[in-house]
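Read top to bottom, the protein sequences are chains A and B. The working numbering applies: residue 1 is where the first sequence begins, and numbers increase by one. The working numbering applies: residue 1 is where the second sequence begins, and numbers increase by one.
Take these hints with a grain of salt, some might be off.
[Said to hold, decoys possible] DMTMM-like mimics (lysine to aspartate or glutamate), calculated; alpha carbons at most 20 angstroms apart, straight line: (1) A:LYS125 / A:GLU223; (2) B:LYS184 / B:GLU170; (3) B:LYS353 / B:GLU13; (4) B:LYS352 / B:GLU13; (5) B:LYS8 / B:GLU349; (6) B:LYS229 / A:ASP97; (7) B:LYS352 / B:ASP10; (8) B:LYS352 / B:GLU362; (9) B:LYS353 / A:ASP186; (10) B:LYS353 / A:ASP97; (11) B:LYS352 / A:ASP97.
The hints are simulated quantities; they were obtained by calculation from the structure and are not laboratory data.
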Amino acid sequence: MLAFLGSFGDILANGPLYQSTFRLAAILVFAAAGEWVAERAGTINISVEAMLLGGHFATAIAYTQTSNFAFSLFVGAIAGIFVSSFQAYLSHYLNADQFGIGLTLNILLLGLVAFLEPNFDLSTKLAGEVKVPLLYDIPILGPAMFGQRWPMYLVYAVVPLSWWLLMRTKWGLEVRAVGEDPQAADVTGIHVNARRRHAILYTGFIAGLGGGVYLLGQVGRFESGNIGGKGIIAIAAVIFGGWTLRGAVAGCILFGYVDALRLNLPNIVGHDFNAQLLAALPFLATIVVMLIFAKHTRQPASLARPFIRGLK
Amino acid sequence: MSATSTAKRDRIELIALYVVTIVAAFVIAAILVNTSGGSWSKAVEAMVNGAFKNPGRWGETLRRAAPLLIVAAGSAIAAKAGIINIGQEGQVLIGATGAAFIMTKIHPGSPLMLILGVLLGMLAGAAWAGISALLYYWRRVPVVLSTLLLVYLSSQITGYTMTRKFLLLEVIEGSPTKIQNSAKTAVDSRLGIMHIFGNNVPLTVPIAIIFAVGVAYMLAHSVWGFRLKMLGLNPRTAQRAGVSHVRFGTMALLTSGAAAGLAGSLMLATGESNYRASSGFAASVGWDGLLVALVARNNPYASIPVALAFACLHTGSNFLAAAGVESVLVDVIRGLLVLALFIPPAVSELRKKRRVLATLTERA
């Protein structure tokens, strides 16, 4: 029993665990901060997975060509917007089924990346580490939150940006109105489907950037399997957070922690766990967490309902 | 303009749009092949050879098409009820794993073993989809999300059963158990294979067609199908008419999961990956089947040719490597093709709507 408690203490006081929690949560936060906006506009945007992958891949290509970190991240964001434009225009201009489009984009992009990858001699590396003075010295959390490679710090910008855009601008008010009651919004002169498209394009921008940050700030080397399901977990985080941004971020941290636990648990406890069960842990945890917490939230009233004028 | 000529023009427009988008999808794919150093004409030739021209290949294509059709018909059931189940890939895999338990472990002798195995496979697929139903009706977790999450989980769970001897890991005396798959299924539990003109056509092909036609008939002509349709079109009206959302929604989800499980267990019974289950066993049958249903707009009859086309792409891709093109090209083509098939009906709807609005404003 004592040994068990001791190892429990090891887990709680383990510095590297918090560092990898931050890194793994960061990519989820990028995806979730974008997805949150899209869902408040009324779209469950499952192609956020494809947007992450698009950004991830485009950043790798751009970095291989230019060796410029900032420019590569920019290219990643543009690639994210490009992927999201398909989702946006097909599902909210042509009114094709949003889930069908999202799923197809996910499959298409995975194939496209696998097909194109051998043509590029991809070589990327991690960006430089920046330790924020003073804040870095906070015990345990300091190194985790303020001792990362510099692209990771963009996460501190995208969360307030998403919040400000959606909660403090006229555009954001309209986007929220469109997600709650599109008919009413339409009557007041808001272009419902345009707002929904904007929200999805914004998701693409943030998620593409996130895919790039994940490459240059965390993994360092491109592999098409790097993203594998992270977008889906980010969607779960948005739902877990009851469609509030702070809840979504909390969800990302929780799921990031579980993911970090998966990577670090064998080292900390010194016991070999079954590889498959460990790999299943983030998804299993997501489902269990949803089962416990998902009930008492209120979703945007028109979530996943297409808007066609004259049809209710 | 008279109504009939408008309808005729609409139909011609729709067909023209289909032709344009499909051709565009293939042109994009051809450009991709050529820019990556391949030759598109060789790629096409290889795919035609792989899909039906070479000896024994059209049998392979039919073998691939059958489970796609079963999965697609199952997806149509859920979709009719307005439930978006996109976790077929996981349900196929879990179904095959469930069937493997009976087919490799328990030996009641033929043909009971086959029947029991398939039944357990269907049950496993249904249970896997049932988790999503539970999450939705009890906790309001969107079915789209939970079914997707369960896909990721399913391959890990199946992988786990392949690492433990008391579960499914094949035990070979004196050899290291590195390759993680199940033992071969018992001979009793295998489904017959017809030999037609040098092609091996498994019995899943007629089963799949009967299943698809049965589903189409039930959806169109039975009370059950009518209730599902009512639920999908307007849940509130359905509830007032005594069609319980929970009961019929759950049932639709379970049925579509069972269909995916059926596809998985029949694949195992007819010798997919040499009668062995493994964590990669589903081989995109679930995803493909779902896309078939989406493209066929949840019409089981229309799913038959679409499933055949998708199967051709798959079997054709096996010959691509020899032509110097990566076989993942097919994933790209399939994705582009599905996007291409989404566009025409949506465009034609949009135009129709605009025309109606225009006549309304004219009258006003």
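**Asked** Would the pair LYS125 (chain A) and GLU223 (chain A) pass a check requiring their Cα atoms to be no farther apart than 20 angstroms?
**Response** Holds, at roughly 13 angstroms.
**Asked** LYS353 (chain B) and ASP186 (chain A): Cα distance at most 20 angstroms?
**Response** Since the Cα atoms of LYS353 (chain B) and ASP186 (chain A) sit roughly 17 angstroms apart, the hinted pair holds (cutoff 20 angstroms).
**Prompt:** Holds or violated: are the alpha carbons of LYS352 (chain B) and GLU13 (chain B) at most 20 angstroms from each other?
**Reply:** holds (11 angstroms)
**Request:** Quickly compare the C-alpha distance for LYS184 (chain B) and GLU170 (chain B) to 20 angstroms and report which way the hint goes.
**Result:** Cα-Cα ~8 angstroms, so holds.
**Message:** Need the status of pair LYS8 (chain B), GLU349 (chain B): alpha-carbon distance at most 20 angstroms?
**Reply:** Since the Cα atoms of LYS8 (chain B) and GLU349 (chain B) sit roughly 15 angstroms apart, the hinted pair holds (cutoff 20 angstroms).
**Prompt:** Is the straight-line distance between the alpha-carbon of LYS353 (chain B) and that of GLU13 (chain B) 20 angstroms or less?
**Reply:** holds (15 angstroms)
**Prompt:** Can the restraint linking LYS352 (chain B) and ASP97 (chain A) be considered satisfied, given a maximum Cα separation of 20 angstroms?
**Reply:** holds (18 angstroms)
**Request:** For the pair supplied as a hint, LYS229 (chain B) and ASP97 (chain A), confirm whether the alpha-carbon distance does not exceed 20 angstroms.
**Result:** With a Cα-Cα distance of about 17 angstroms, the restraint between LYS229 (chain B) and ASP97 (chain A) holds, given a limit of 20 angstroms.
**Prompt:** Does the alpha-carbon distance linking LYS352 (chain B) and ASP10 (chain B) stay inside the 20 angstroms limit?
**Reply:** Between LYS352 (chain B) and ASP10 (chain B) the Cα gap is close to 8 angstroms, so the pair holds against 20 angstroms.
**Agreement of LYS353 (chain B) and ASP97 (chain A) with the hint, judged by alpha carbon distance not exceeding 20 angstroms** = holds (17 angstroms)
**Request:** Below or equal to 20 angstroms on CA atoms is what counts here, so check LYS352 (chain B) against GLU362 (chain B).
**Result:** holds (15 angstroms)
The structure agrees with every numbered hint stated previously.
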